[in-house]
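Using the sequences and the accompanying hints, generate a full structural model.
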Amino acid sequence: MARVTVKNLWKRYGDTVVLENINLEFADHQFVTIVGASGCGKTTFLRILLGMEQPSRGRLLIDGRPVPPEPGPDRGIVFQRYSLFPHLTVLGNLILGLELRRSWLLGRLFGTRRREAVVRAEGILEKVGLAGARDKYPAQLSGGMQQRLSIAQSVICEPRILLLDEPFGALDPGITADMHKLILDLWAANAMTIFMVTHDLKEGFELGTRLLVFDKLRHDPQAPEAYGAKVTYDIPLRRAKVPDLTYVTFGSAQGELRGTAKSKVI
Amino acid sequence: MRLVNRHPGRGAGWLLGVVPFIALLCTYLLGSHIRTAANPDDKLLPTPATIASTLHSYAVEEDVRSGEVLFWADTVASLKRIVIALVLSATIGLVLGLAIGAVPVVRAALAPFVGAVAMIPPLAVLPILFILLGLGEVAKITLITIGITPVIVRDLALRAGELPTEQLIKAQTLGASSWQLVIRVILPQMWPRLIDSLRLSMGSAWLFLIAAEAIASEEGLGYRIFLVRRYLAMDVILPYVIWITLLAFSMDYVLKLLRARAFPWTEMNR
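These protein sequence lines map, in sequence, to chains S and C.
Count along the first sequence from 1, then add 1171; that gives the number in my numbering.
Count along the second sequence from 1, then add 1260; that gives the number in my numbering.
For the record, the hints were derived by calculation from the structure and aren't laboratory data.
Do not take every clue at face value.
[What the hints assert, rightly or not] Stretch-level coverage of chain S by chain C, calculated; a stretch enters the list once three of its residues show a Cβ under 8 Å from a Cβ in chain C: (1) 1198-1208; (2) 1250-1258; (3) 1320-1330; (4) 1358-1365.
[Stated by the list, open to error] What the simulated footprint calls covered on chain C by chain S, stretch by stretch (three residues with Cβ under 8 Å from a Cβ of chain S suffice, anywhere in the stretch; the number is not a length): (5) 1407-1413; (6) 1416-1428.
[Stated by the list, open to error] Computed spacing ranges between beta-carbons, pair by pair: (7) G1375(C) / H1351(S): 44 to 54 Å; (8) R1286(S) / T1505(C): 48 to 58 Å; (9) K1352(S) / S1438(C): 36 to 46 Å; (10) T1283(S) / T1351(C): 29 to 39 Å.
We treat Cβ as the ideally placed atom computed from N, Cα and C, and that holds for glycine.
Here it is, written out as structure tokens:
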């Protein structure tokens, strides 16, 4: 479980301001979905949470303590692609986290300890529907199977925070429903806070207990990089009421939000 | 059908591959026939019969002076040198390449140095090696190692750097330390690259071996070729060259086979 606090957070690259004075507070066990147009800093925000990038100003606290400036086992990540290890089988990928934690010198388990890890991994493979693919290599899996494995790989390490960077963005629309069910089940079964960046507004509404919209409020046509993005909407969601946004494009949905949810603007 | 869309079948492809070899052989036989018809003592293009009898005296009969069968003694001496040098280069290349590719501090310290060393023509260093290390085996092995190691180091460092950042970050979120990252994520993916790199270096390795043997040696394939050159003994040189080619080809083939067998996952990524 993790409480996340973001205080006066800024991020700039040279003269380009990406994030501008972000202030947020997240309680334990939330499912936060983050949406916004391309280039509005939502992935940067996720990378700062991950420790891949440092804030230029401001602070980021997990349970009151500053986030270490590098990735660590308390924060899991699933990227859109390339986060599996091509030289390991499905099982090898899954138990890697256990092996790394229990054998600091070789990063490998043998004998009884390995069997224990394998039993645990097989339970999870069953749960994510990859039991039949146990001995395959990632290159032999479909995109959806790869992402399921990548999620399982993080969850087996029991991170306090799980970060998802457009995890389903490259998948066929047909299988995203299965993936949504999987991630919600895992979130319910594990004590972790999830932050998920997505392009898909509908997905953001469906999955989240809280939806953040990142957008640039001010725009200087002479210096487009002068102002960064802020959190323009911060919407608590109740899962029961899923708005039907299937046919609404991102832009118009945002317009709709501006009309209906103005009170929620920070 | 367009020419670019015409693919030869299995048998036809094999046949087409053999044609240039046969053409070369026929050309040689024809030339040899014409020259020996004009002068039975011709040295430049000896007949197959002459080559066979010379090869017999080299590969089966013992040498009168040394009591050794020269062909095999030469082969063993050369193979020993090149294999030791390849193992040495692979080891140094792997360790340095991994360190430079994976650790930014090491990269800052060593990458420019390795880059500069790689530009030194190894043959220009050969006299230094002979002066410092004497004319024995050490100097020859060192020459080959100096010649191919920088290439392997740079290749592996580049390859290690090409691994997707996502993978390295992911491993860290699974709790990997720097050491674990190297031995569980980077190194296993570098083995097949190392084999590729060795295969590409094989040509240079043989070049440096023959050069070292030609200049100072008492046995070895390169030594023999340069020794008999004075007598225009093409009947020795030609089979030796073919034998060297065959050896190099087999080493390449074995490495290729090893790569496919030991690292099945690399083939699937294509």
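Looking at the structure, which of the earlier hints fail to hold? Per hint list: 1, 4 and 5 violated.
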